[in-house]
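A.B. asks: Residue-level listing of the chains:
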Amino acid sequence: MRGGQGAVRAPVLQFTNCRILRGRALLWEDLWVRGGRILDPEKLFFEERRVADEQRDCGGCILAPGFIDVQINGGFGVDFSQATEGVGSGVALVARRILSHGVTSFCPTLVTSPPEVYHKVLPQIPVKSGGPHGAGVLGVHLEGPFISREKRGAHPEAHLRSFEANAFHDVLDTYGSLDNVRIVTLAPELGRSHEVIQALTARGICVSLVADLQAAEEAVQSGATFITHLFNAMLPFHHRDPGIVGLLTSDRLPRGRHIFYGMIADGMHTNPAALRIAHRAHPQGLVLVTDAVPALGLGNGRHTLGQQEVEVDGLTAYVAGTQTLSGSIAPMDVCVRHFLQATAGCSVESALEAASLHPAQLLGLEKRKGTLDFGADAGQGPTQGGPGQPEDAGVLGVPGQTSWCSMTPSMSGPPTSQASWCGRRRRPGSDRGPWLERTPSPSWTLSGLGRRGAGLRGASGSPAPGGQP
Amino acid sequence: MKLIILDHYSQASEWAAKYIRNRIIQFNPGPDKYFTLGLPTGSTPLGCYKKLIEYYKNGDLSFKYVKTFNMDEYVGLPRDHPESYHSFMWNNFFKHIDIHPENTHILDGNAADLQAECDAFEEKIKAAGGIELFVGGIGPDGHIAFNEPGSSLVSRTRVKTLAMDTILANARFFDGDLAKVPTMALTVGVGTVMDAREVMILITGAHKAFALYKAIEEGVNHMWTVSAFQQHPCTVFVCDEDATLELKVKTVKYFKGLMLVHNKLVDPLYSIKEKETEKSQSSKKPYSD
Chain A
0 MRGGQGAVRA PVLQFTNCRI LRGRALLWED LWVRGGRILD PEKLFFEERR
50 VADEQRDCGG CILAPGFIDV QINGGFGVDF SQATEGVGSG VALVARRILS
100 HGVTSFCPTL VTSPPEVYHK VLPQIPVKSG GPHGAGVLGV HLEGPFISRE
150 KRGAHPEAHL RSFEANAFHD VLDTYGSLDN VRIVTLAPEL GRSHEVIQAL
200 TARGICVSLV ADLQAAEEAV QSGATFITHL FNAMLPFHHR DPGIVGLLTS
250 DRLPRGRHIF YGMIADGMHT NPAALRIAHR AHPQGLVLVT DAVPALGLGN
300 GRHTLGQQEV EVDGLTAYVA GTQTLSGSIA PMDVCVRHFL QATAGCSVES
350 ALEAASLHPA QLLGLEKRKG TLDFGADAGQ GPTQGGPGQP EDAGVLGVPG
400 QTSWCSMTPS MSGPPTSQAS WCGRRRRPGS DRGPWLERTP SPSWTLSGLG
450 RRGAGLRGAS GSPAPGGQP
Chain B
0 MKLIILDHYS QASEWAAKYI RNRIIQFNPG PDKYFTLGLP TGSTPLGCYK
50 KLIEYYKNGD LSFKYVKTFN MDEYVGLPRD HPESYHSFMW NNFFKHIDIH
100 PENTHILDGN AADLQAECDA FEEKIKAAGG IELFVGGIGP DGHIAFNEPG
150 SSLVSRTRVK TLAMDTILAN ARFFDGDLAK VPTMALTVGV GTVMDAREVM
200 ILITGAHKAF ALYKAIEEGV NHMWTVSAFQ QHPCTVFVCD EDATLELKVK
250 TVKYFKGLML VHNKLVDPLY SIKEKETEKS QSSKKPYSD
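If you're matching them up, the sequences are chains A and B in order. Here the first sequence is numbered in numbering that gives the first Met the number 0, starting from 0 and rising by one per residue. Here the second sequence is numbered in numbering that gives the first Met the number 0, starting from 0 and rising by one per residue.
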């Protein structure tokens with residue numbers, strides 16, 4: 000219990016008339032908060048003999064743990080991989096803006112860059128608690144440069160490296176300090192990867208993979224726990240060579256451990272059928288990520304981001320004047336919503352857990368974050384009309400530390416009959432999959448997106464997915 | 000004795016809840032005059048608790064000036080164990096209503112000195128001015144609270160070893176594992192409940208029928224401790240049809256015939272929303288034979 004005496008004297012807040020995600024189920028229960036932690040009301044009643052100091056009616060909303068985004072490259076014009084002096088304020092800006100998407104903790108992600116960039120940028124992104132000022136920084140996710148040439152996807156070839164020579168020392172030389180690092184994505188088929196994986200895991204750093212199946216299985220034995228954006232930038236599943244996708248149901252993992260895998264459920268990067276297959280094969284491991292690029296959160300139209308001209312149209316961002324996608328820009332709440340619709344059989348609870356509990360488990364934080372269990376972080380709880388929230392959305396914003404955001408009851412309604420998927424014919428040559436072309440915005444995107452700080456907006460004012468609020 | 004017979008469990012629960020509601024509202028409790036209520040646990044009163052919660056949520060009833068005293072608690076079971084009576088009361092009643100924690104009293108089965116805990120409980124009841132209405136259930140062996148067959152009919156709050164029947168009946172709450180079921184409990188005595196100004200016993204289900212028969216149609220007997228209430232001036236037994244299966248047809252017909260009169264106890268149903276008319280009802284006394 001933090002604060003000792005001070006925490007005990009702190010006011011007790013009771014959130015009523017809500018459904019909370021607890022123990023894998025949505026229950027009609029009140030949520031009690033004190034001193035930034037979720038409180039056990041039974042203990043309060045019988046031991047301290049106290050009642051709530053303040054009650055707030057949540058109007059029937061769902062309270063869910065705050066989302067945790069473990070892969071986000073930037074947003075709102077900010078690029079985490081850019082080595083500028085203002086990295087700290089860029090991170091703070093993104094942290095503040097993603098609150099309205101329901102994200103209360105995140106791992107700023109750096110793509111493959113030269114060592115100078117890491118040396119300059121990493122010290123400027125310290126681990127930081129969240130609050131009303133913004134989502135918490137759990138640590139940096141370093142995606143690269145130790146990935147294989149063949150499967151580098153969009154990562155610049157010139158800066159790829161290997162650690163065959165000096166294993167962990169190469170890693171330290173490249174990154175500088177690992178103090179602020181939380182996740183490292185690497186390719187285990189590179190030589191001496193096992194030493195590196197073990198050294199990283201020993202420091203509490205989560206190791207994520209892009210690889211083929213056998214190398215991946217061995218890497219998991221050494222301590223790797225995550226697959227970075229399943230299906231994207233990796234060899235496709237083949238029935239005689241399942242590739243890393245086979246890890247989802249591997250029988251060679253250490254007993255009692257299972258693998259987590261990130262998925263970008265923005266409706267663009269993964270076909271819903273693939274999403275469903277992965278989910279059904281291994282539901283407890285699914286972690287929703289945005290893998291968002293700096294164009295996230297910018298309105299429709301043309302924007303200049305660094306050296307690139309990007310055109311944003313609804314949920315897609317293209318290299319200006321082309322049909323090439325320039326990365327994902329779907330906010331986390333949209334991903335959760337889309338995931339719920341695409342996997343029509345999955346429950347609201349599963350969808351919410353994929354964005355909160357599972358990333359917390361991946362990072363070993365599930366006692367404090369990603370859940371609404373007693374003792375978990377709660378900040379000040381959900382409030383009406385938080386920063387960037389329109390009052391009419393029927394949604395409670397989350398200016399707290401990690402705890403929750405809430406969804407309108409329509410989240411639990413049946414999916415609409417209109418297909419949320421508008422995949423079309425194959426489009427060769429692009430590494431993100433065959434269905435990328437300019438499609439009319441699926442019915443569930445939101446006329447809301449495009450407005451700044453779109454957030455959990457889907458249900459208000461647009462053809463609502465899953466029923467009217 | 001008033002024997003209230005309703006057709007089904009849900010109706011019996013509702014009748015009992017309405018009765019409690021009317022009693023509390025007619026008592027007109029306030030900051031210097033609390034309504035003291037004795038409460039049971041188990042599956043029988045669940046329906047009654049649900050209705051009381053409903054009345055609170057509708058704004059018709061408040062527990063702000065109600066003090067509660069539970070009948071019993073297991074010894075040695077952690078307070079937050081899902082099967083402890085503290086957990087039961089919290090989950091099924093207290094957390095849904097506006098009662099203040101300091102007005103609730105449940106015996107502490109983990110106290111260092113169990114008998115001292117029992118004596119203190121008796122003192123608390125005395126300090127609260129005695130119990131206005133004690134609501135209880137009945138076991139298949141005719142026990143009230145944990146006053147197992149053979150308990151003194153003038154007993155006070157004390158530690159009791161549970162009968163094998165009770166342990167077997169409770170096993171279903173402990174994964175069917177007899178080793179996990181507590182073997183001792185703290186319980187109010189028969190005498191303690193007899194001291195209440197009014198007693199209401201809820202009895203539903205065919206498995207309680209024989210116990211009800213023994214309790215009201217046979218003599219006062221310490222083997223069927225509920226029979227002690229034959230000597231209480233103001234007792235109400237609320238049952239469903241199934242619980243009367245072992246009674247004489249004559250008894251059942253007689254009391255069913257009285258339902259017209261007994262229903263006046265719950266109709267009109269009072270509500271705190273009509274506070275002004277309440278004040279003028281204070282002279283109305285409940286029907287008594």
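Everything labelled a hint here was simulated from the structure, so no lab data went into it. Even for Gly, the Cβ is constructed at its ideal location relative to N, Cα and C. Wrong hints could be hidden among the right ones.
[As the list claims (entries may be wrong)] Heads up, simulated DSS-like pairs for lysine-lysine below, C-alpha to C-alpha not over 27 Å straight-line:
1. B/K249 / B/K50
2. A/K42 / B/K63
3. B/K32 / B/K179
4. A/K42 / B/K179
5. B/K255 / B/K50
6. B/K249 / B/K263
7. B/K1 / A/K366
8. B/K252 / A/K42
9. B/K247 / B/K56
10. B/K1 / B/K179
11. B/K32 / B/K247
12. B/K255 / A/K42
13. B/K50 / B/K94
14. B/K50 / B/K17
15. B/K263 / B/K1
16. B/K49 / B/K94
17. A/K42 / B/K49
18. B/K94 / A/K42
19. B/K32 / B/K50
20. B/K123 / B/K94
21. B/K249 / B/K49
22. B/K213 / B/K252
23. B/K17 / B/K32
24. A/K42 / B/K263
[Said to hold, decoys possible] If the Cβ cut is set under 10 Å, some of the chain B residues that face chain A in the computed set are:
25. D79
26. H85
27. S86
28. W89
29. D97
30. H99
31. P100
32. T103
33. I105
34. K213
35. K247
36. T250
37. Y253
A.B. asks: Once the shortest beta carbon distance from B/Y253 to chain A is found, is it less than 10 Å?
C.D. replies: Hint on B/Y253: violated, closest Cβ of chain A at ~44 Å, above 10 Å.
A.B. asks: For the pair we were handed, B/K1 and B/K179, check the Cα-Cα distance against 27 Å.
C.D. replies: Not satisfied, since the Cα-Cα distance of roughly 39 Å exceeds 27 Å.
A.B. asks: Is the straight-line distance between the alpha-carbon of B/K50 and that of B/K17 27 Å or less?
C.D. replies: holds, 8 Å
A.B. asks: When you check the alpha-carbon spacing of B/K249 and B/K50, does it fall within 27 Å?
C.D. replies: violated, 31 Å
A.B. asks: Going by Cβ atoms only, is B/S86 closer than 10 Å to chain A?
C.D. replies: holds, 7 Å
A.B. asks: With 10 Å as the cut and Cβ atoms as the points, is B/H99 at the interface with chain A?
C.D. replies: holds, 6 Å
A.B. asks: Going by Cβ atoms only, is B/D79 closer than 10 Å to chain A?
C.D. replies: holds, 6 Å
A.B. asks: Decide if the proposed pair is consistent with the structure: B/K1 and A/K366, CA atoms, cutoff 27 Å inclusive.
C.D. replies: violated, 54 Å
A.B. asks: Does the alpha-carbon distance linking B/K263 and B/K1 stay inside the 27 Å limit?
C.D. replies: holds, 13 Å
A.B. asks: Straight-line Cα separation of A/K42 and B/K263 no greater than 27 Å?
C.D. replies: violated, 41 Å
A.B. asks: Tell me if B/W89 is really an interface residue toward chain A, meaning its C-beta lies closer than 10 Å to one of theirs.
C.D. replies: holds, 5 Å
A.B. asks: Taking only the CA atoms, is the gap from A/K42 to B/K49 under or equal to 27 Å?
C.D. replies: holds, 22 Å
Of the hints listed earlier, those the structure fails to meet are numbers 1, 3, 7, 8, 9, 10, 11, 12, 21, 24, 34, 35, 36, 37, in rising order.
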